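**Student:** Input sequences plus hints: build the corresponding full structure.
Next come the chains, spelled out residue by residue.
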Amino acid sequence: MNLSRRQFLGSATALAYLQLSGCDTNPTWFGQFKQAALEGPIQVPLTGVQSPEFHVLSRLGYGPRPQDYKRIAHLGVAGYVAEQLKPEQIDDGECERRVRRLEALAAPLGELYEYKEGYLLKELTRGAVLRATYSERQLYEQMVGFWSDHFNIDSSKGDCRWLKVADDREVIRKHAMGSFPALLRASALSPAMLWYLDGRANRKATEEERPNENYARELLELHTLGVEGGYSQQDVGEVARCLTGWTTLNKGIGKHGKVVFRKGQHDDGEKLVLGHRISAGGGEKDLEQVLDIVALHPSTAQFIARKLCVRFIEDDPSQTVVDAVAKTFTDSKGDIASVLDTLFQREEFWAARGEKFKRPFRYMVSALRATHSETDAPDALLDYLMRMGHAPFQYPTPDGYGEGEAAWSGTLLWRWHLARALAENRVGGVTVDWNGLKSAFEEEQQVLAHFWGREAVAKEVRILKSSPMKAAVALAAPAFQVY
Amino acid sequence: MANDNGHTLVVVYLRGGADGLSMVVPFEDDRYYAVRPTLAVSKSDTLALDTMFGLHQHLAPLEASYKEGALAIIHGVGSEDDTRSHFEAQDLMEHAGYGGGGWLGRYLRYRPSPAIGPLATVAIGKATPESLRGAPSTVTLENFDTFDFGEDSRRYLEDMGALYGDVDGYLGNAAQDTLSAMDTIMTLKDQDYSAAHGALYGGDAFSRKLRQVAQLVKADVGMEAVTVDLDGWDSHFTQAVLMGSLMRQLSQGLAAFYQDLGDKMEKVTVVVMTEFGRRVYENASLGTDHGRGGVMFVMGGGVQGGRVVTEWPGLDDAVLEGPGDLPVTLNYRDVLAAIMKRHGSMEDTYRVFPDYTAEAVDLYG
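If you're matching them up, the sequences are chains A and B in order.
Going by this note's numbering, the residue at position 413 of the first sequence is 413; the numbering climbs one at a time, nothing skipped.
Just so we're on the same page, this note's numbering is the position in the second sequence counted from 1, plus 483.
Since the hints were made in silico from the structure, they are not lab data.
Remember, it's a predicted structure, so these values are computed and weren't measured experimentally.
Heads up, the beta-carbon is just placed ideally off N, CA and C, and yes, glycines get one too.
Don't take each hint at face value.
Claimed, not checked - Using 25 Å as the maximum straight-line C-alpha spacing, the simulated BS3-like pairs for lysine-lysine come out as follows:
no., chain 1, residue 1, chain 2, residue 2
1, B, Lys-701, A, Lys-157
2, B, Lys-701, B, Lys-672
3, A, Lys-307, B, Lys-609
4, A, Lys-255, A, Lys-122
5, A, Lys-86, A, Lys-70
6, A, Lys-122, B, Lys-609
7, B, Lys-824, B, Lys-747
8, B, Lys-824, B, Lys-701
9, B, Lys-701, B, Lys-747
Unchecked claim - Counterexamples of contact, computed for chain A against chain B with all Cβ distances above 10 Å:
no., residue
10, His-55
11, Leu-437
12, Ala-458
Claimed, not checked - Stretch by stretch, here's where chain B covers chain A in the computed footprint (C-beta under 8 Å, at least three residues):
no., segment
13, 209 to 222
14, 384 to 392
15, 412 to 424
**Tutor:** The structure is reproduced here in structure tokens:
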């Protein structure tokens with residue numbers, strides 16, 4: 001029992017907390033949030049290539065749940081896209097009730113330090129799995145994942161093990177579908193980022209001190225312009241000078257981790273960043289000036305647009321589609337929902353059905369969704385993510401988990417492994433009602449089309465028919481590795 | 484079974500940019516002590532390698548192999564990449580140019596006898612490094628005990644074989660590699676392993692990984708190239724503490740591996756590399772920023788060791804590069820080229836290093 005709990009129990013919300021915490025010891029805890037039973041018959045489009053329904057559910061989200069076809073039939077494919085672009089208008093109460101149990105995720109910045117090491121990472125990871133699996137705001141969760149990679153923080157570095165919770169909540173989740181400049185600013189002043197990329201140690205209090213360039217470099221290389229974005233070593237050094245003096249408090253009840261600007265540690269001379277003169281004496285305003293120069297820079301528009309096209313369309317998108325998406329980025333001043341709207345309207349987006357290889361996190365979540373699993377995201381699932389090298393918040397270097405198939409092809413073994421464990425209900429803390437699932441569809445062919453997004457071909461049908469472990473084979477098949 | 488003249492190349496990558504100046508200390512250079520007032524390693528904290536350089540005391544376990552002539556150290560080595568970006572520098576070093584694939588992948592594909600067994604290329608860890616991109620096959624392996632598929636494993640793998648059998652490209656290849664690897668692993672995992680010659684591996688992940696490499700080498704599974712990463716060398720901040728622990732892990736692991744393999748080291752080369760060395764001047768947070776020239780280690784495989792191979796330029800401001808970095812006086816490709824020549828009988832390395840004419844460093848006398 002840690003201090004925060006004791007303090008919390010004395011607070012006005014203790015009653016509500018106790019009601020929730022009572023559920024902690026109840027083995028059937030997740031029963032109360034159980035998804036509605038499946039109502040059949042569920043109609044799945046039977047197509048040769050991945051259906052448009054499967055495509056939007058898989059690209060905007062983590063893949064179809066059995067009940068999603070009815071929703072798409074009601075909204076239409078375009079209607080579904082439009083709905084997902086306005087996540088704030090989608091009721092997500094059921095998912096939030098599941099996540100609320102992870103109370104540490106709501107703890108204010110200053111209280112995060114009161115948790116035991118390792119506890120927060122687990123809560124964060126469980127939250128990520130639960131939200132990806134159960135949220136109705138699927139596109140929003142995709143973007144949370146996208147920005148978590150883009151502004152990667154390895155929560156094992158220094159105080160990130162506590163502060164990443166605040167970064168996840170107040171940087172990534174707060175701005176995931178909002179404004180890119182606002183997201184960038186929040187990240188620049190995120191205590192976890194100041195720890196992760198050493199910004200807190202970037203100071204110039206004396207003539208001899210040299211700035212710590214780590215954050216400045218990644219800001220230009222990874223967060224905004226991209227390595228080919230046209231900056232020089234000189235620019236990195238100058239940006240680092242502009243950002244000197246920003247640091248985090250390393251003690252104080254309720255203040256530990258808070259970001260402050262120390263004027264005495266700021267290099268207040270004149271700087272030149274990407275050709276823009278920043279006059280001497282700007283103090284903490286230097287940061288705003290730097291972010292204004294880079295956030296909507298044409299190279300940033302290109303860099304972000306390309307990354308989005310790679311994530312949502314294909315691993316090697318054409319310059320034409322990147323340019324179109326970059327244009328909206330520039331025109332909308334980095335409004336993320338508008339940028340995505342442009343991307344989803346492109347022919348290239350619709351033409352790329354089944355072209356992407358699932359990364360391990362997606363593989364796992366898509367299997368949980370496809371099978372209508374009940375889970376509270378137990379350790380067993382987190383172990384699979386570790387084995388497949390794709391545990392959220394644990395990528396060591398600032399470039400974030402990679403796209404592309406080559407990076408992940410060594411994970412097939414563990415996918416096959418997980419497929420069998422799910423099929424045999426051997427993953428502790430995950431329950432699949434296989435009979436209920438099968439009977440919700442009119443025929444077996446429909447279940448396969450639901451898993452794979454397309455009709456099974458004769459050979460696949462033949463192999464599955466003769467296999468004693470059909471469900472495992474269906475989830476381990478090549479057709480379930482792509483989307 | 485092995486094609487590479489029976490050799491195994493073990494590539495250890497120190498990710499983050501390891502500070503060569505703390506590992507192999509130029510203790511006769513007064514400038515070193517002038518530019519690193521708090522971080523310089525004093526001569527008394529080193530083991531003399533020759534008249535100019537000393538091995539950091541935390542690397543002491545490596546002294547035996549050095550004295551036995553089985554360890555060569557290359558100093559002031561690196562790539563031509565001067566972005567000082569981890570990703571650019573690692574990327575360039577691991578790809579070794581702007582062609583497709585990684586250098587190790589291309590080497591395995593283009594050496595004179597490119598046929599390759601199921602465990603020819605192994606990445607120990609969770610992910611495959613960029614250097615292996617483009618390799619004919621790669622198995623990513625964490626340990627032998629956790630592969631169990633449950634009942635009817637064979638039948639399940641048969642179904643996988645049937646479903647993936649006519650899948651093209653990366654997915655089909657990945658499946659074939661997985662199926663082959665499973666066969667070998669199922670055999671290996673039933674065997675107990677204890678290190679030979681009293682070798683003492685550490686309890687850390689790096690030692691554990693090297694022990695697995697030793698096991699695979701001894702099982703003679705035809706492993707030709709294997710990669711092992713040791714992460715965390717990006718010492719912008721409180722470098723001494725951070726590097727102390729890493730150097731101990733590195734040296735204990737390598738020394739145990741060397742002792743464990745004994746005579747088998749004749750056919751096993753371990754090469755240790757990093758994307759860049761660090762800035763000569765220390766920064767204000769008791770650390771160092773990204774620099775240029777660093778160190779490499781080459782152990783075993785018949786290397787003529789017991790020497791520091793370097794074209795040492797000194798540390799005067801006039802010779803330092805850019806913001807104050809040890810210049811790269813030896814290109815890492817020239818070190819790798821020497822090893823490829825020995826391992827794969829590869830005389831001409833232009834396909835491995837498409838935009839570079841390698842001149843092999845004389846490692847073998």
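**Student:** Count the residues of the segment 384 to 392 of chain A whose CB lies closer than 8 Å to any CB of chain B, then report whether that count reaches three.
**Tutor:** holds (count 4)
**Student:** Verify this label for me: A/His-55 is non-interface relative to chain B, using a Cβ-Cβ cutoff of 10 Å.
**Tutor:** Its Cβ never comes within 10 Å of chain B, the nearest being 19 Å, so this holds.
**Student:** Taken at face value, is the distance from the CA of A/Lys-157 to the CA of B/Lys-701 at most 25 Å?
**Tutor:** violated, 36 Å
**Student:** Starting from A/Lys-307, check that the Cα of B/Lys-609 is at most 25 Å away, please.
**Tutor:** holds, 24 Å
**Student:** Is it true that the CA of B/Lys-701 sits at most 25 Å from the CA of B/Lys-672?
**Tutor:** holds, 13 Å
**Student:** Establish whether the coverage given for the segment 209 to 222 of chain A by chain B is satisfied; the threshold is a Cβ-Cβ distance below 8 Å, and no fewer than three residues must meet it.
**Tutor:** Answer holds; 9 residues pass the 8 Å Cβ test.
**Student:** Just want to verify: A/Ala-458 was marked as not at the interface with chain B; is every Cβ pair farther apart than 10 Å?
**Tutor:** holds, 12 Å
**Student:** Check the hint pairing B/Lys-824 with B/Lys-701 against an upper bound of 25 Å on the C-alpha distance.
**Tutor:** Between B/Lys-824 and B/Lys-701 the Cα gap is close to 23 Å, so the pair holds against 25 Å.
**Student:** A/Lys-86 and A/Lys-70 were given as a pair; does the straight-line alpha-carbon distance stay at or below 25 Å?
**Tutor:** Answer holds: A/Lys-86 to A/Lys-70 is near 20 Å, not above 25 Å.
**Student:** Examine the segment 412 to 424 of chain A: at least three residues should have C-beta closer than 8 Å to a C-beta of chain B.
**Tutor:** holds (count 7)
**Student:** Does A/Lys-255 pair with A/Lys-122 here, judged by a C-alpha cut-off of 25 Å?
**Tutor:** Holds, at about 24 Å.
**Student:** CA of B/Lys-701 to CA of B/Lys-747, is that 25 Å or under?
**Tutor:** holds, 8 Å
In this structure, the one hint that does not hold is number 1.
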